[in-house]
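Colleague: First to last, the protein sequences are chains A and B.
So the first sequence is numbered by the numbering used here: it starts at 180 and just counts up by one.
So the second sequence is numbered by the numbering used here: it starts at 173 and just counts up by one.
Treat the hints as calculated values from the structure; they're not laboratory data.
Errors might be hidden in some of the hints.
[What the hints assert, rightly or not] Label-pair distances were calculated between CB atoms; the ranges are:
no. : chain 1 : residue 1 : chain 2 : residue 2 : range
1   : B       : Met199    : A       : Gly346    : 33 to 39 Å
2   : A       : Thr350    : B       : Trp178    : 34 to 40 Å
3   : A       : Pro313    : B       : Gly218    : 22 to 28 Å
4   : A       : Arg294    : B       : Met199    : 37 to 43 Å
5   : A       : Asn266    : B       : Tyr273    : 48 to 54 Å
6   : B       : Val466    : A       : Gly196    : 21 to 27 Å
7   : A       : Gly196    : B       : Asp275    : 48 to 54 Å
8   : B       : Asp275    : A       : Arg366    : 30 to 36 Å
9   : B       : Gly357    : A       : Val199    : 37 to 43 Å
10  : B       : Trp396    : A       : Arg294    : 57 to 63 Å
11  : B       : Gly302    : A       : Arg366    : 27 to 33 Å
12  : A       : Pro313    : B       : Phe306    : 31 to 37 Å
It should be emphasised that the depicted structure is a prediction, and the values quoted were computed from it without experimental measurement.
Idealized CB from N, CA, C, for every residue including glycine.
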Amino acid sequence: MSTELLVETHGLVKEYGNFVAVDGVDLRLSEGEVYGFLGPNGSGKSTTILMMLGLTEPTEGTVRVCGHDPTRDPIAVKRQVGYLPENLGFYGDLTGRQNLQYTAELNNLERTAARARITDLLDTVELGGAADQPVAQYSRGMRQRLGLADVLLKEPRLVILDDPTLGLDPTGIEWLLSMIEELSSQRNIAVFLSSHQLHEVQRVCHRVGIMSHGRIVLEGTVSELTSQSRGAGFSTALEVRGGRGLRDALAAIEGVTSCEQTGSRLSVESDRDVRAAAAAVVIEHGGELVELRSENRTLEDIYLRYFQQD
Amino acid sequence: MRAIFWKEMADHFGRRRFLLLFGLVVMGTLWGVLVDTGRLVRGGDGFFFLDLFTTNTGIPISLLTFISLFGPVIGIALGFDSINSERTQGTLARVLSQPVYRDAVFNGKFLAGLLTLTIVVLSMGISVVGLGMFRVGIAPSGEEMVRLIGFGLVTIAYLAFWLALAMTASVLLRNAVTSALISMGLWIGLSFFVTLGAAVLADQLVPVVSNTEEALRHFNIVTWASRLSPGALYTEAVSILLDPIGGRVLTLLAIAPERLEGLLATPVSAGQSLQLVWPHIVALVAAAGALAGVSYTKFMREEIRA
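Just chain B, same shape as in the assembly (with noise of 0.2 Å):
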């Protein structure tokens, strides 16, 4: 398996396509030039190296949002032709006839597209950090470290979520082409109509809000229906994680909705935030297992013609 990954991980680097992940980190990185430290300083709420992902002061939107938009991108670039254009090239009968275990080639494919992707990421959070500290001149506090540590790893399996996606959508699909458009609008229907159907959903399930019951409700119905989406499930993990204040609100909501009355803004502790998006992980890396699995069953199998 070392060899396969070893292979891919080349061709990643080496393919022009990498040139779309090097862009991605650049435009990332721009959040850290261009935010309004200044004002994020003054009229922050004393986390500016979160703040730093999560505000949109002085630009369209946050980096938090771009990340959830465009990450999914990164995850289907580097996975949706891995096994489908071996399959055409013809290099795949080739392969499969040396001494190797069909899942190795599976499985070297997909840590390399991990790793790729793992380095993308922290690059991407490095930088920004590394602006951040540049611009203003303080260091991450210990705690924000933990909360970028858990936001870094929860944006790793967002990512692998879509990569795992792709890599299916490549076993099942003999055209790189098809491949590619239909993890595409799978990334469009996941990320919008979703949530657009649980706001929907909400709205015929609970036509009025006229007390603080029937908000209630009306907002767990929205919450739990786009939870369907991968791209919902993880903004709100990384709220939870990236804003101790308003992340407080949905720990209270989660744990004792009756407590909300007579909030104070103080923050939750980074153990609590973590504790809380535990199972957003698990679901994360949950669905990207049940699609391997789908590939695994499907290319374990199956007849390799040249």
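For reference, chain A alone in the conformation it holds in the complex (with noise of 0.2 Å):
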């Protein structure tokens, strides 16, 4: 696997009159990665996708998507990048099979082979036996599986998704989920995957970015960020009724660094993994252990903690 840059772009700024959309995005996507752009409604993250599409203009900055710039040279980016835009929309009186074979015309595809392939597709998203039903009969997640077709076509170098779990139910997330995992290992696609739902994605992606209020606030593999933001030590809350000298025994334990107790409810800061010694500590004591829990940041609470500001 070659390590080319497929997304390259630098100091991207999008400005709508004096609002600013996305202020200075750096992005770097290499051959086969899977990125998961990530952050609330309105964090720029579409406006960013548009940009790199060539569909907008940027104010500031430059993109490069498959050694070319979008703006300049569209249709080459175009003829190697297949996007999959929010709200997908097909020819509702035309089948899925024709909304197909549209697209492989607007590509210059060959019109046999296209025809082989459009099969091919339509079973690989499973809707073989609806292809040749108007798209207009299709549900949510039939429709976001042609587009998923639509987007493979023409065999494509990267894939921009955005937000494509949108309105999906859970067995439709996950079959995405493992379509997207597929393209990157077997097929060497990369994917440029939208999401403001952490959780569904975090499993598929190979690194993250967060996006707030136009920037990219963190960056990197989920589990650098995770221990990123765990900072230095550990911390665990204990509830305990009864037991004596609880707080001391605690603080005696080895790596624990400080404890403090209010009421009934005991907070410990260590700098290791100190719970199973908690609990045994607190059951010696003759307490009796109400709840214990970690409460070291998670990825989540970071990409929560960013959501609320808004």
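The two chains are supplied separately, each in an independent frame; assemble them into the complex guided by the hints.
Modeller: See the structure below:
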């Protein structure tokens, strides 16, 4: 696998009048990588994507997608990039197959080859049976799957999915995520996945970037971000009934840096995971352990913190 | 662009809207059936096939009036939702994320509309002439053919103007209903009120008409002001083409008003007439081009959000 950069942006800015939608975004995406582009609604994710496709012009900064500038040479970019927009639209009076045929024609694919490929793709996305029904009769999930087939038709190197899980049921989401994993691992297609559902997409992404107010506030692999957010130590919260001298006993556990007590609640700071030891100490000192909880900030907490700013 | 063009053609012919176009063709053809051909042949000026279009013998209004009034509906029906319906459907973002240029989308749609209305105009014209031949048993002369072809071209240019107008509305206005209403409003405004306004303006500027000079001034003001209306422009051009004798008056007015006296009822040649309507055709095409230019500048740099 070569490590060519498929997406590269520098200081990307988009202003609408006085409103700054995207405020200096630097992105990098290499071949076969799955990048989770996360952030609340209105944080500038879609606008960034539009700039990557040349569907809108950046106010400042540069974009290169597959080695081309999408503003100046949109066709070269669009030949290699599949884009699944947020509100995916199909011609309702045409069948799923006819919609894909139109896309094939727009991509100048050779007719007989395209026909075989369309049948293949329709099977891949499990729409083989509904292929010759008008799209107007499709459910939301079926449209989304047809959208994926539509995106894959041109054999892209990069697929940009804008909020693909929106409106899908849990099985639909599960199916989509396993498709994304397959694209990346088996077909070496890079996936740029925009979403506001962190826990849904977390597991398929090699790297994530979190957008807030037009800026990327956190970026890295999921494990990097989790350890980053954990900082130096662990914190554990306990709720205890009865027991004596618990505070000092807990403070004496190896690795514990501090221990505070407020009524029946104790909070323990440590440099390692002390949950098991703490539980044992409580029992030893005649206490009843009502609750024991790790208060480490997960990635989710960090993400929520940015969400709640809105 | 070819893919877009054929997709649009299939749309135009497959949709229920095509029934409207078809209905108009059928109604136009009715003229060929209903016109009192006997009276036309006997009392006519020798240009039977041209008279078929201009006369109202045996029917309330002439086919020409019918086309100039309702022809715009064809152009508007073909164009008013071409861009904005794709936008609302969400297909525009998907189409534009394929490797096609934006102008290909616009051009493909425009050309498909143009070809559709050309087919409508041709089939209407051919069926009227054909019915005329069938009922009277004579064929059009070469001179008539030239004039009829010219008439077809002007008609297509006229309808293309309305198509361009409707498509411009569909680029500028997000809502298909608003776009249809605005196009229809402009159609009514330009077809009726401009002509009305022209008469009022002439009456204001030349209140008293007592001699030929004043009559001529009055006439000139009405003519020039109503030329703002594409409908008036079209009617004028077509009357010159289809009425070689009456059109001669206009010809002379344009080139040598003093020779109006002693006018003989002899027709001008087809070449002369075509030369005279050339500016009208150019004006219609230029107006359509200007509208397309407006849509282009808007559409080409616009943000396409799904």
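Colleague: Take a look at whether the Cβ-Cβ distance between Gly196 (chain A) and Asp275 (chain B) falls inside 48 to 54 Å.
Modeller: violated (27 Å)
Colleague: Should the hint that Gly302 (chain B) and Arg366 (chain A) are 27 to 33 Å apart at their CB atoms be regarded as holding?
Modeller: At 60 Å between Cβs, range violated.
Colleague: Is 30 to 36 Å right for how far apart the beta carbons of Asp275 (chain B) and Arg366 (chain A) are?
Modeller: Taking Cβ atoms as reference, Asp275 (chain B) and Arg366 (chain A) lie about 33 Å apart, which means the hint holds.
Colleague: The hint says 21 to 27 Å between Val466 (chain B) and Gly196 (chain A); measuring C-beta to C-beta, is that right?
Modeller: holds (23 Å)
Colleague: The hint says 33 to 39 Å between Met199 (chain B) and Gly346 (chain A); measuring C-beta to C-beta, is that right?
Modeller: violated (47 Å)
Colleague: Regarding Gly357 (chain B) and Val199 (chain A), is the given constraint of 37 to 43 Å on their beta-carbon distance met?
Modeller: Roughly 39 Å apart at Cβ, these two residues keep to the hinted range, so it holds.
Colleague: Against the range 34 to 40 Å, how does the distance between the Cβ atoms of Thr350 (chain A) and Trp178 (chain B) compare: consistent or not?
Modeller: holds (38 Å)
Colleague: May I ask you to test the hint 57 to 63 Å on the CB atoms belonging to Trp396 (chain B) and Arg294 (chain A)?
Modeller: holds (59 Å)
Colleague: Just to be sure I understand the hint, the distance between the Cβ atoms of Arg294 (chain A) and Met199 (chain B) should be within 37 to 43 Å; is that true here?
Modeller: Cβ of Arg294 (chain A) to Cβ of Met199 (chain B): about 42 Å, so the range 37 to 43 Å holds.
Colleague: Could you see if the CB distance from Pro313 (chain A) to Phe306 (chain B) stays within 31 to 37 Å?
Modeller: violated (43 Å)
Colleague: Taking 48 to 54 Å as the stated bounds, is the beta-carbon spacing between Asn266 (chain A) and Tyr273 (chain B) within them?
Modeller: violated (23 Å)
Colleague: Taking 22 to 28 Å as the hint, is the beta-carbon distance of Pro313 (chain A) and Gly218 (chain B) inside that range?
Modeller: violated (56 Å)
Against the hints set out earlier in the document, violations occur for numbers 1, 3, 5, 7, 11, 12.
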